[in-house]
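Participant: Read off the chains here:
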Amino acid sequence: MEHTVAHEEHSGGGTKEIVRVTVILSVLTIIELALGFWMIDMPLESSLRLAVKGAIIILMLAKAFYIVAYFMHLKHELKNMIMTIVVPLALFVWFITAFLYDGNSFRNLRNTYDPHFKEQSTIKVEKKAESKHGESKHEEAKPAAEKKAVE
Amino acid sequence: MSTATVTPTKLWGGGKSPFNVEYGKLMMWYFLMSDAFTFGAFLISYGTIRFSTNGWPDPNEVFKSFPFAPEGVHAPLVFVSIMTFILIISSVTMVLAVHAGHNMDKKGVVKNLILTIVGGIAFLSCQAWEWNHLYHEGAWWGSNPFLNHDGTASSTNFTNYFFTITGFHGFHVFSGVVINIIMLIMTLMDKFEQRGHYLMIEKAGLYWHFVDLVWVFVFTCFYLI
Amino acid sequence: MSNEAVLHAHSDAAAHDAHGDHHHEHHHHETFISKYVFSQDHKMIAKQFLITGMFWAVLGGLMSVLFRLQLGYPDATFPWLEDILGKWAKGGRITPEAYYALVTTHGTVLVFFVLTAGLSGTFANFLIPLQIGARDMASPFMNMLSYWFFFAASIVMISSIFVETGPFSGGWTAYPPLSALGDASPGSKTGMDLWMISMALFVVSSLLGGLNYIATVLNMRTKGMSMTRLPLTIWALFFTAVLGVLSFPVLFSGFILLIFDRNFGTSFYLSDIFISGVGALPNEGGSAILYQHLFWFLGHPEVYIILLPAMGMVSEILSVNSRKPIFGYMAMIGSMFAIAVLAFLVWAHHMFVTGLNPFLGSIFVLLTLLIAVPSAIKVFNWLTTLWRGNIRFTPGMMFAIGFVSLFISGGLTGIWLGNSALDIHLHDTYFVIAHFHIVMGVASMFGMFAGIYHWFPKMYGRYLNNSMGYIHFWVTIAGAYLIFWPMHYEGLAGMPRRYYDYSIWESFKQFAELNRFISTVAMIVFAVQLLFLFNFFYSIFKGRKVTVQNPWNANTLEWTAPIRPGHGNWVGEIPEVHRWAYDYGKDGKEFIPQTTPVGADESHH
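Heads up: the protein sequence lines correspond to chains S, Y and C, in order. Mapping to our numbering: the first sequence position 83 is 464, numbers consecutive. Mapping to our numbering: the second sequence position 133 is 301, numbers consecutive. Mapping to our numbering: the third sequence position 202 is 282, numbers consecutive.
Hints were generated in silico from the structure; no laboratory data involved. Hints are not guaranteed to be accurate.
Unchecked claim - Cross-link-like lysine-lysine pairs, in silico, BS3-like; alpha carbons within 30 Å at most: (1) Y:275 <-> Y:359; (2) Y:371 <-> Y:359; (3) S:456 <-> C:303; (4) C:303 <-> S:460; (5) S:460 <-> Y:184; (6) S:397 <-> Y:275; (7) Y:275 <-> S:456; (8) Y:371 <-> C:666; (9) C:625 <-> C:115; (10) S:397 <-> S:499; (11) Y:178 <-> C:666; (12) C:127 <-> C:622; (13) S:456 <-> Y:359; (14) C:127 <-> C:115; (15) Y:359 <-> Y:279; (16) Y:232 <-> S:460; (17) S:460 <-> Y:178; (18) Y:274 <-> S:505; (19) C:170 <-> C:589; (20) C:589 <-> C:625; (21) S:397 <-> Y:274; (22) C:625 <-> C:127; (23) Y:371 <-> Y:275; (24) Y:274 <-> S:456; (25) Y:371 <-> Y:178; (26) S:456 <-> Y:279; (27) C:303 <-> Y:178; (28) S:460 <-> Y:371; (29) C:127 <-> Y:184; (30) Y:371 <-> S:456; (31) C:115 <-> C:269; (32) S:434 <-> Y:232; (33) Y:232 <-> S:397; (34) S:456 <-> Y:178; (35) Y:184 <-> C:303; (36) Y:184 <-> S:456; (37) S:397 <-> Y:279.
Could you put the whole structure together from the sequences, leaning on the hints where they help?
Facilitator: Here it is in structure tokens:
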């Protein structure tokens with residue numbers, strides 16, 4: 382086994398680095414949470430809310446980077462190995478873009494051609510349906526539709 | 169001898185690993201990559217459905233409770249942030265265990281592995297409490313008592329995805345705990361001392377960090393945005 | 081783990097066993113079970129994959145013969161059908177339910193069990209260690225597990241054929257709602273559950289295998305075997321493994337969501353559904369298109385998982401038997417890399433008419449048509465490898481050339497189908513059937529046959545019978561074209577796929593004779609495959625013995641191993657490699673094996 386060759390040089394920064402990354406991760410999480418709290422009272426469709434969501438996603442990616450690079454030691458591996466792991470992940474870009482774009486398009490499609498779908502999303506439910514598990518499970522799925530039927 | 173000085177042609181010339189890692193670690197990395205696609209597919213499906221739906225429940229209204237707090241308390245994000253920190257700390261202890269393994273420090277490995285296992289079990293307990301709480305509020309697969317942001321009726325897909333994805337993640341945490349317990353037993357039996365290296369701990373560590381990594385994404389997608 | 085370590089670990093274990101038994105043996109003590117059943121030798125595992133794959137090929141082929149019988153003779157009755165199929169062929173005519181079950185199982189089995197497990201499972205296992213100069217796979221144990229998971233998947237799939245409500249019958253793509261609702265059709269009940277368990281086991285098998293292949297190719301190459309000295313087979317199998325490792329998990333996720341939809345009342349894929357006799361379903365908010373996205377995110381790379389190993393083996397066989405270096409070695413690697421990347425970017429071209437956003441569709445058209453570039457480069461390189469070669473027409477070579485022919489004719493129709501506008505007309509017609517059967521199905525089968533004929537001497541130390549091989553080749557290639565070429569015309573005339581009986585449609589009555597012709601040829605071709613099967617099993621035991629180490633005068637490493645290599649492949653040291661695999665006809669020498677050191681006065685290639 383080649384473990385001795387393989388690992389002595391791989392250990393990287395040591396305990397100091399672990400402490401540093403722990404602090405960074407904690408700070409990032411706290412910022413995320415602060416943004417989350419800030420977002421609670423924002424109006425639903427505001428662009429500020431969208432911007433905050435974007436910021437949270439960037440922070441999420443930063444956290445992911447620190448976990449992978451330092452905790453998983455990827456940063457201390459050879460560059461070729463880093464590439465074999467990072468490059469395939471680039472596939473996620475198109476994976477996410479295409480899926481979400483088509484999801485969005487599907488909603489527009491239904492809002493345009495499916496009056497029932499559109500109508501359902503405008504009827505407010507007055508009282509929170511108090512449901513327990515003994516009752517029929519599917520009723521709470523569409524109280525709006527039932528309300529309409531009653532009317 | 170540092171690896172940086174080895175020329176690339178020599179590394180790729182055959183007869184040795186081009187990445188200077190043994191095959192098991194390489195396989196673990198690529199397995200985690202494929203697992204990343206499993207989770208990625210789940211989260212992307214969640215996003216797709218969310219994008220194709222007109223309204224969505226407000227996570228701050230759903231995940232607002234806290235154990236032992238009085239009924240009706242409004243404490244969004246508090247409980248989940250505790251869960252998040254538990255997982256981060258258990259990740260740190262895992263790094264320390266791996267680090268101790270590098271230095272052939274059996275005591276350090278044992279101590280940090282135990283801490284990691286405790287962290288994992290604590291996380292699972294938190295999740296169990298949260299699931300139980302949501303279940304008693306009427307949420308389950310195929311049943312969603314929560315309303316959308318704007319007060320309209322919500323589809324069941326909010327709870328469907330929540331339970332499926334956190335469940336799948338919880339399953340990973342659970343298997344991580346089991347793996348770590350096995351590692352602990354092997355350490356206590358001096359298996360690694362006999363082998364002369366703690367590479368197995370390193371691979372278990374990779375898996376554990378991956379579980380933490382996934383939680384970063386799950387946490388953001390379900391609780392924050 | 082280093083090369084030697086694999087064997088040492090193994091012989092250590094063996095030594096332990098031996099000492100435990102007080103046999104004092106120093107050699108690996110092999111029982112029938114450890115040698116033929118739970119073997120960890122990559123060569124034996126390869127043979128297990130091959131024979132299981134062949135079993136499935138026969139079963140899947142037989143199914144196609146049965147449903148072609150229905151399509152060719154929609155009015156006739158065959159009493160013997162009732163004898164073998166029972167209630168599925170009441171009165172000697174296949175029932176619609178049975179017809180759909182046959183079509184579905186045929187598709188699933190051929191795509192996954194034959195052309196994925198049977199093709200890349202066989203040849204990745206057999207060729208990777210032998211051609212890169214390794215004792216065995218990185219993890220022989222995981223390799224064994226990979227086969228046994230496949231075996232378990234096979235058992236579950238077979239048992240689904242025998243359940244009372246029949247096997248799954250909603251098409252091999254298993255689109256919801258047919259696959260998600262037990263009430264949708266008889267096959268959607270137990271048959272679908274078993275189908276999904278079987279596929280989940282299969283995903284596990286292919287992940288175990290794929291991770292092993294990747295780690296082996298990267299870590300276990302012998303001294304001197306740099307990546308650019310690898311035979312193209314290995315490159316192809318490597319990319320295949322990468323595709324599998326990255327795309328199967330997505331299918332797996334899709335299946336998990338499907339399981340929840342089936343059993344736990346969720347509506348991931350379900351919305352606004354009314355079943356006659358059951359009524360309106362409460363499921364709201366799901367999207368059936370989501371499943372199709374997830375499925376085809378695997379489904380499209382799957383096409384290349386099937387095709388790439390065939391491409392790699394054909395490259396190798398063409399070069400060996402043309403006695404010429406492969407033309408454009410680096411271009412071949414580059415185009416395989418391009419295909420592997422593009423495979424992940426084009427999945428939605430299977431979904432142009434599902435309600436996919438048209439703008440998104442147009443991007444998918446662009447990306448899809450880009451695949452034509454690397455494909456054309458590969459075809460060009462194969463043809464220029466043949467050009468002015470000193471060709472030996474062995475059966476393996478014939479099938480390799482046949483592969484190139486089929487790949488060209490099937491690939492061209494792909495350009496038609498890749499256009500979203502044309503797809504409105506062609507989608508789900510026989511044009512599609514013709515396209516993918518030629519380019520993916522038959523072409524990959526040809527790659528597989530080429531590989532079997534070429535490496536049979538290495539596998540079993542005997543030759544396959546040449547005369548039977550030629551008959552097999554000529555009938556199969558003529559038959560393949562006669563079956564699938566006419567389908568293009570049927571498809572252009574709008575004839576949809578998956579219909580049970582075309583004779584009741586005024587528009588498709590004109591094709592009655594053509595359909596009968598296709599069915600007849602299909603039966604002949606199937607019969608010839610049985611001849612191959614006979615050849616295969618007969619030759620294992622009674623074939624002409626291989627007497628020379630390197631019967632094809634090839635350069636690659638597997639021919640430096642003993643004629644019947646034991647576990648560990650090489651006796652003594654693993655050979656060291658000094659050159660690439662394609663030094664044919666260089667400096668007046670017919671071939672220079674990879675193990676020959678580069679001479680002082682040798683010209684550069």
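Participant: Each hint should be assessed against the structure and marked as holding or not.
Facilitator: Here's how the hints hold up against the structure:
For the proposed pair residue 275 of chain Y and residue 359 of chain Y, the alpha carbon gap of about 14 Å is at most 30 Å, so the pair holds. Only pairs whose Cα atoms come within 30 Å are accepted, and residue 371 of chain Y paired with residue 359 of chain Y is accepted, the gap being roughly 15 Å. Of the supplied pair hints, the one linking residue 456 of chain S and residue 303 of chain C holds, its CA atoms being roughly 28 Å apart against a limit of 30 Å. For the given pair, residue 303 of chain C sits about 22 Å from residue 460 of chain S by alpha-carbon distance, which is consistent with the 30 Å threshold.
A threshold of 30 Å between alpha carbons decides the hint, and for residue 460 of chain S with residue 184 of chain Y the separation of about 16 Å falls inside it, so the pair holds. The suggested pairing of residue 397 of chain S with residue 275 of chain Y holds, with an alpha-carbon distance near 20 Å, which does not exceed 30 Å. Simply put, residue 275 of chain Y and residue 456 of chain S have alpha-carbon atoms about 27 Å apart, close enough for the 30 Å limit, and the pair holds. At roughly 47 Å between alpha-carbon atoms, residue 371 of chain Y and residue 666 of chain C are farther apart than 30 Å, so this suggested pair is violated.
Proposed proximity of residue 625 of chain C and residue 115 of chain C is supported: the alpha carbons are some 22 Å apart, at most 30 Å. Between residue 397 of chain S and residue 499 of chain S the alpha-carbon distance is near 56 Å, which puts this suggested pair outside the 30 Å criterion. Pair hint residue 178 of chain Y plus residue 666 of chain C holds up; C-alpha atoms about 27 Å apart against a cutoff of 30 Å. For the proposed pair residue 127 of chain C and residue 622 of chain C, the alpha carbon gap of about 17 Å is at most 30 Å, so the pair holds.
Distance restraint check for residue 456 of chain S and residue 359 of chain Y: the Cα-Cα separation of roughly 29 Å lies within the 30 Å cut-off, and the hinted pair is therefore satisfied. Restraint check for residue 127 of chain C and residue 115 of chain C: the C-alpha separation of about 12 Å stays at or below 30 Å, so the hint holds. With a C-alpha separation of about 16 Å, the suggested pair residue 359 of chain Y and residue 279 of chain Y falls inside the 30 Å cut-off, and the hint holds. Straight-line distance between C-alpha atoms of residue 232 of chain Y and residue 460 of chain S comes to about 44 Å, which puts the hinted pair past the 30 Å bound.
Taken as a hint, the residue 460 of chain S and residue 178 of chain Y pair is honoured in the structure, with Cα atoms around 15 Å apart against an allowance of 30 Å. Only pairs whose Cα atoms come within 30 Å are accepted, and residue 274 of chain Y paired with residue 505 of chain S is rejected, the gap being roughly 62 Å. Restraint check: the Cα-Cα separation between residue 170 of chain C and residue 589 of chain C comes to about 24 Å, which is no more than 30 Å; the hinted pair holds. Proposed proximity of residue 589 of chain C and residue 625 of chain C is contradicted: the alpha carbons are some 54 Å apart, above 30 Å.
Restraint check: the Cα-Cα separation between residue 397 of chain S and residue 274 of chain Y comes to about 20 Å, which is no more than 30 Å; the hinted pair holds. The hinted pair formed by residue 625 of chain C and residue 127 of chain C meets the criterion: a straight-line CA distance of about 18 Å does not exceed 30 Å. In summary, the hint linking residue 371 of chain Y to residue 275 of chain Y is supported, as the alpha carbons are separated by about 19 Å, within the 30 Å threshold. With a CA separation close to 26 Å, the supplied pair residue 274 of chain Y and residue 456 of chain S stays within the 30 Å bound.
With a C-alpha separation of about 26 Å, the suggested pairing of residue 371 of chain Y with residue 178 of chain Y holds against the 30 Å cut-off. The straight-line distance between the Cα atoms of residue 456 of chain S and residue 279 of chain Y is roughly 26 Å, inside the 30 Å bound, and the hint therefore holds. Between residue 303 of chain C and residue 178 of chain Y the CA atoms are separated by roughly 10 Å; this keeps the pair inside 30 Å, and the hint holds. With a C-alpha separation of about 20 Å, the suggested pairing of residue 460 of chain S with residue 371 of chain Y holds against the 30 Å cut-off.
Of the supplied pair hints, the one linking residue 127 of chain C and residue 184 of chain Y holds, its CA atoms being roughly 28 Å apart against a limit of 30 Å. With a C-alpha separation of about 16 Å, the suggested pairing of residue 371 of chain Y with residue 456 of chain S holds against the 30 Å cut-off. Pair hint residue 115 of chain C plus residue 269 of chain C does not hold up; C-alpha atoms about 40 Å apart against a cutoff of 30 Å. Taking the CA atoms of residue 434 of chain S and residue 232 of chain Y, the gap is about 19 Å. The hint holds against a cut of 30 Å.
Note on residue 232 of chain Y and residue 397 of chain S: the hinted pairing is violated, with a Cα-Cα distance of about 37 Å set against a maximum of 30 Å. Annotation: proposed proximity of residue 456 of chain S to residue 178 of chain Y holds, straight-line Cα distance about 21 Å (limit 30 Å). Proposed proximity of residue 184 of chain Y and residue 303 of chain C is supported: the alpha carbons are some 8 Å apart, at most 30 Å. Distance check on the hinted pair: residue 184 of chain Y and residue 456 of chain S sit about 21 Å apart at the alpha-carbon level, within 30 Å; holds.
About 19 Å separates the Cα atoms of residue 397 of chain S and residue 279 of chain Y, which keeps this hinted pair within 30 Å; it holds.
When held up to the earlier numbered hints, the structure conflicts with 8, 10, 16, 18, 20, 31, 33 and fits the remainder.
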